[in-house]
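Those protein sequences? They're chains R and S, same order as listed.
The numbering of the first sequence is my numbering, which starts it at 1 and goes up by one.
The numbering of the second sequence is my numbering, which starts it at 1 and goes up by one.
Because the hints were derived from the structure by calculation, they are not lab data.
Predicted model, so just to flag it, every value in this text is computed and none were measured.
Think of the CB as a built atom: it goes at the ideal place given N, C-alpha and C, for glycine as much as any other residue.
A couple of the hints might just be wrong.
Claimed, not checked - Once the Cα atoms are required to be at most 25 Å apart in a straight line, the calculated SDA-like pairs of lysine to any residue come out as: (1) S:K13 <-> R:V217; (2) S:K13 <-> R:K7; (3) R:K7 <-> S:E167; (4) S:K98 <-> S:K13; (5) R:K150 <-> R:K247; (6) R:K205 <-> S:Q6.
To be verified - Away from chain S, derived, C-beta distances all over 12 Å, residues of chain R: (7) E12; (8) S86; (9) V136; (10) F139; (11) H143; (12) R200; (13) T207.
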Amino acid sequence: MNLRALKDTLAERTMLLLCMSVLSLAFLMGAGLLWRSWPVLQTGALGDLLFSTQWQPAQGHFGLGAFLAGTLWVTGIAMVLAVPLSIFTAIYLQEYAPRQVRTLARPVVDVLAGISPVVYGVWGVLAIVPMVRDHVMPFFQDHLAFFPFKSENYTGYSALSGGVVLAVMVSPLIIAVTQEVIRTVPAEIREASLALGATRWETVKHTVLRKARMGIVAAVILGLSRAFGETIAVLMVSGCAMHVFPKSVFDAAYPLPALIANTYGEMMSIPLYDAAVLLAAFLLFAVTTAFNMVGWSILIRLERSER
Amino acid sequence: MMGRRQLEEVFFKGLMMAATAVVMGALVLILVTICWKGLPALSWSMVSQTPKGGSTLGIEGGILNAILGSLLLGLCATGLALLLSLPLVFYLNIYLRKRSRFALLVRFLLDVLWGIPSIVYGAFAFTLMVIWRIPASFLAGTLTIALLVVPIMARSMDEVLRMIPFELKEASYTLGSTRLETAMKVVFRQALPGILAAVLTAFGRGIGDAAAVLFTAGFTDSLPYSILKPVATLPLAIFFQLGTPFPEVQARGYASALVLTILLLLISAGSRLLTGRFTKHVIR
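Isolated chain R (complex conformation) (with noise of 0.2 Å):
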């Protein structure tokens, strides 16, 4: 064998061992964060663990109720207002807009997706939190104060905000990949139903969006999943000083990465406290990693019959 081909066959090995590292990591992270998890799962049942709301980590109780009820607060929230919100403005720029309405919005919507997370925080803190404490709140109060809207907490750090704050920080994501499946959808589709008599609302609502809507349900997973372990901005604007179990969207929310940020590194004197911190991590992990795999794989099962 030459020295040219040794190298390439040098370059292959070394590349493949480089790839199977980076990948090993995945399982890697799971493994580890069970693992170092283990000890608060031997103490009592999970289901304790994860629906029993009293916090004293002093005393012993570890029950992550109350975070997990302010993270699915914060991400419904979130969700709410993101779903509609992308997926409108993707079906506009894809089917309507102008081609200069185009060209503008990609870099926007980059530049959405590229901007801090603690940045979309210190926005929350500045705009959000004060137009929810002094317009929003008050408003809900004195005209439909019943079951999700009903509330104590005059700050305006809650749920809202925080859902407010993470809606706009996912929505780029919805955008990108709902852009991306109705850019797939044939032309000649939409040109058969126009053919027929159909408006171009019609169209999209008929063609466009029943080829499209497995890849729009893979979307909205990506962002929910998204939505779900952001922490620094949620953790600004979501109240998390106050430790209660949420009832309103007006309430503080504690959601799980803001737990995990708050208390990590802080609790090595007291047995399992980590232990039950890095449950909560590796709930995150376990929760985003199924997301994200439902998601991907609904992506390039749809990608691969376009050929």
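We have chain R already, so just place chain S on it with the hints.
Coordinates of chain S only, in the frame set by chain R:
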């Protein structure tokens, strides 16, 4: 007189335009808010000095420690990530066949890794640091950020390499070059602007992230001076400044946020410029 169908068309078109306006407006709103609050507190000493002011730290001086720390950390992490992802994507696109199942699996896992929240990376890295007794340091922060941006960088580069026409590789093989030579001398050159754009994207993500460096890089008021000592980062500086009860320090936090935003906008603009250059030279 409009029919029901035309009415529906107009209604939904209006709805979609409104949605688009809200999304575009959000960016404008963010930039305006950050500038509005950040500009008054921004000054030259802010970006040219380290924090001073005794007990209420950060009330005087600036955030040079965080700016330098973030840039250095981002630079090292991006360099490291580049060393990992460049061979990886070349392997996927040159050595493996187009319909390879292994390549599909690698791309899938990279996408999944991309979706794992940065706080999980941070927590995982911190458990390793506890086991190996590594203190929060520049080194630990760099390694964590490098792992965090590898999927981002690798997937963006992968998209670029996939756009390289197969004929280009064929021509190179026909002339008798090996796959390695084709990768280094032909494909790399053709894809260079795109690769740089991917690197810049990853760099922006790396310096903008706070959750991953929260436990791993620590924080300090001095300039970065050793890879085994904690280092200040811009996102954490902002986070801590906003967390203080002093309005003056909070105002400085807004200014720091403005600095970070400008930095990220510059990086994003550079990345777009390079992508534009890349697509201009693609042989169709």
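### Task
Could you tell me which of the numbered hints above are not met by this structure, giving the numbers in increasing order?
The structure conflicts with hints 2, 4, 7, 8, 12, although it agrees with all the remaining ones.
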